[in-house]
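Enquirer: One-letter residues, chain by chain:
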Amino acid sequence: MYDDIKNNENMPVRLKGVGDSLWVSINPLLPVDRLQNELIKPFERLKHLAINARVIIDPGDHKNCDKLIEELGNFLKTKFQVGHVSKPNAIKRSVNKNRIRQQDMGNSWHHYRSDVLMIAGRVRSGQKIETKKHLLVLGDLNPGAELIAGGDIIIMGSLKGKASAGQPDKEDTIIMALEFRPTQIQIGGFVAAGIPDTSGKKPEFAFIENNAIVVDDYIKNNPFSRLAWPEVR
Amino acid sequence: MEGKVIVVTSGKGGVGKTTVTASIGAALAMQGKRVAVVDMDIGLRNLDVVMGLENRVVFNIVDIIKGKCKLKQAAIKDRRIENLFLIPASQSDDKNAIKPENMVWLANKMRKEYDVTLLDCPAGIEQGFKNSIVAADEAVVVCTPEVSAVRDADRIIGLLYAQSITPKLIVNRIVPKMVENGDMLSHEDVVEVLSIDLIGLIEMDDRVVVSTNTGTPLVLQNDSKAGKALTRIAMRLDGHPDLAIENPMAQKGFWKKIGLKLSRKN
Numbered sequence: 001m002y003d004d005i006k007n008n009e010n011m012p013v014r015l016k017g018v019g020d021s022l023w024v025s026i027n028p029l030l031p032v033d034r035l036q037n038e039l040i041k042p043f044e045r046l047k048h049l050a051i052n053a054r055v056i057i058d059p060g061d062h063k064n065c066d067k068l069i070e071e072l073g074n075f076l077k078t079k080f081q082v083g084h085v086s087k088p089n090a091i092k093r094s095v096n097k098n099r100i101r102q103q104d105m106g107n108s109w110h111h112y113r114s115d116v117l118m119i120a121g122r123v124r125s126g127q128k129i130e131t132k133k134h135l136l137v138l139g140d141l142n143p144g145a146e147l148i149a150g151g152d153i154i155i156m157g158s159l160k161g162k163a164s165a166g167q168p169d170k171e172d173t174i175i176m177a178l179e180f181r182p183t184q185i186q187i188g189g190f191v192a193a194g195i196p197d198t199s200g201k202k203p204e205f206a207f208i209e210n211n212a213i214v215v216d217d218y219i220k221n222n223p224f225s226r227l228a229w230p231e232v233r
Numbered sequence: 001m002e003g004k005v006i007v008v009t010s011g012k013g014g015v016g017k018t019t020v021t022a023s024i025g026a027a028l029a030m031q032g033k034r035v036a037v038v039d040m041d042i043g044l045r046n047l048d049v050v051m052g053l054e055n056r057v058v059f060n061i062v063d064i065i066k067g068k069c070k071l072k073q074a075a076i077k078d079r080r081i082e083n084l085f086l087i088p089a090s091q092s093d094d095k096n097a098i099k100p101e102n103m104v105w106l107a108n109k110m111r112k113e114y115d116v117t118l119l120d121c122p123a124g125i126e127q128g129f130k131n132s133i134v135a136a137d138e139a140v141v142v143c144t145p146e147v148s149a150v151r152d153a154d155r156i157i158g159l160l161y162a163q164s165i166t167p168k169l170i171v172n173r174i175v176p177k178m179v180e181n182g183d184m185l186s187h188e189d190v191v192e193v194l195s196i197d198l199i200g201l202i203e204m205d206d207r208v209v210v211s212t213n214t215g216t217p218l219v220l221q222n223d224s225k226a227g228k229a230l231t232r233i234a235m236r237l238d239g240h241p242d243l244a245i246e247n248p249m250a251q252k253g254f255w256k257k258i259g260l261k262l263s264r265k266n
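Protein sequences, first through last, are from chains A and B. Taking this note's numbering, I'd label the letters of the first sequence as residues 1 to 233. Taking this note's numbering, I'd label the letters of the second sequence as residues 1 to 266.
Worth flagging that the hints you see were computed from the coordinates, not collected in a lab. All residues carry an ideal CB built from backbone N, CA and C; glycine is no exception. Heads up, a few of these hints could be off.
Residues on chain A that point at chain B, a partial pick, calculated with CB under 10 angstroms [stated by the list, open to error]: (1) ALA120; (2) ARG122; (3) VAL123; (4) ARG124; (5) SER125; (6) GLY126; (7) GLN127; (8) ASP140; (9) ASN142; (10) ALA145; (11) SER158; (12) LYS160.
Next comes chain B alone, as it looks inside the complex:
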């Protein structure tokens, strides 16, 4: 059976596309899939750093497309997680080094080689974005509960629909306390505007910064809320679409919790 290509995109920069891509990739690999993550941000590569593989980059995606190396030579195997591979971006070229038809060709090769291919899409809607979505079978849109991120995600969703891709939504960096106080959009507000299927809610988690800087996968950290949420998202993406979505809640005292449970029953 052929694998599938999933693009992770957002429109706005800095909402967590790269972290989400790396974590979902790791989680899927840990569930036994053969996974490749591809850095599509040519000229500004950083997926290799987030995954802690920067010192092992030899070939990159532009080399594959120009025929300088084979797909298997460029794919870097993760040492901690089996079946996880990274195809890094080139740091010296720019986004016009790849054309959409190259990506279609590459995606067809990847489908034969891997169960799941995750494309880490660059911010914006220019060449890099077009290259990423042209070959994708599915799309995951990452959005934070901010008005600016919602508007950009909305635009991206329109463009994805134009490519006949029905995207799924991840709301990232939710701070439950701020939502409760009305200082932050709730995920319901975001879903109301974007009106696409929700596939996961990720709480704001300081561990993400540590994980990114040290290059250790978030999903390997047992006490990370974001890591757990991402593991569940990976399960929903592959094989368990009906897994319930957990709503991040503010930590409350023991008695308050009991009160909540009682009031819910009524």
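One chain only, chain A, in its complex shape:
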């Protein structure tokens, strides 16, 4: 709903939901009446959701904005009947750039819409699950069954059927299973068939390296353990 507002860094007022409150980022250098005018639009869109809402007004890195926050808070209270208005908790914000980035990411998870289709149960022969998202199966994939995903495929069970990840052409995707015994796998445009039985029941994953599908031990060579911090995939 607020994507257009949130994504534009130059907007004088940005609004997003954080936990049970509304986080309003403002540019405190702008005049008060300009800010008030900018606040009207997003709060009108909220309609009844604004009533009694907790609002946090965030002036960014600028200091000494308490008066401005109070003024805007009173404005919101009278015009939209919001509940509690405060400034951001000082501890939450850190000067360290790196920390700020992580903090932002942490917040972004709260309202991140899922890119994963999560399914529980056994996928049997003749059944086919198709999705444009990542696919997570809590169960087994029997011989003759088929999974097709636009992103990664993670199977918390044994993979004995056919799995196609990164369809049609996403080659940086993986296929992972706790027991990796597929009849055939595809990643992007690559196909691998008749992958030999490796040392049995251990988590393995397939990925593309040098234009070929490679299968590796997931515990020993976890491809994501090298990432600097958790990120949305």
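Guided by the hints, dock chain B onto chain A, whose structure is given.
Expert: Chain B alone, transformed into the frame defined by chain A:
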């Protein structure tokens, strides 16, 4: 109390559906139930031959549905086993002669007439299969320890679940010696893939061929391992669900047997 309709199915052909149907039917009848077995393989009937009743077929299931005869007229009474009846398939029609709604109607009639109705489902997942499962209350899936049979059974199980029927599994034609040598899937392997309740394990038995060719019920032969296993399956299906499942084992010498018993205690 109304009777129940049980479909015996497998997906793949030649895994022993017809033999299992005939034997469970006979076993249940011998336990005092009023049992009807219905051949659903219209156009390729053979349950009548397996039961040794082929020369007494007058009317068939298509005649009942078309109203040419009554249910009781078409049901052939077995002479050796009391309370066992066969409703044969038509040999001249094809599977489209019956529609699912006809089967629902027939099944309702059968429930009033018999304690247990066993449907011998044809192989495949086409009209004959659909006709068989639409009216069934319970399902028994027969599977042999072969990869191809397991895959077809898996598909069938998916289709049965889609009809809100929870099937039970019979693993047929186990050769314990081959399983021991690792040349055949064990029943554990089959159950691992299919993951449904096991209701019986049947060992490979040459007597089945004799029984089929002569039309004598397997369960009447006292020395048949398969017959005994099927009798126990029939008991589990009706009234004794907790009866232990016997695992077919390779015949061993006297001393080996004793060694096994000793080692089990430790």
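Enquirer: Does each hint hold? Answer for all of them.
Expert: Verification of the supplied hints:
| no. | hint | in the structure |
| --- | --- | --- |
| 1 | ALA120 | violated (13 angstroms) |
| 2 | ARG122 | holds (6 angstroms) |
| 3 | VAL123 | holds (9 angstroms) |
| 4 | ARG124 | holds (4 angstroms) |
| 5 | SER125 | holds (4 angstroms) |
| 6 | GLY126 | holds (4 angstroms) |
| 7 | GLN127 | holds (6 angstroms) |
| 8 | ASP140 | holds (8 angstroms) |
| 9 | ASN142 | holds (5 angstroms) |
| 10 | ALA145 | holds (8 angstroms) |
| 11 | SER158 | holds (9 angstroms) |
| 12 | LYS160 | holds (7 angstroms) |
In this structure, only the earlier hint numbered 1 is contradicted, and the remaining ones agree with it.
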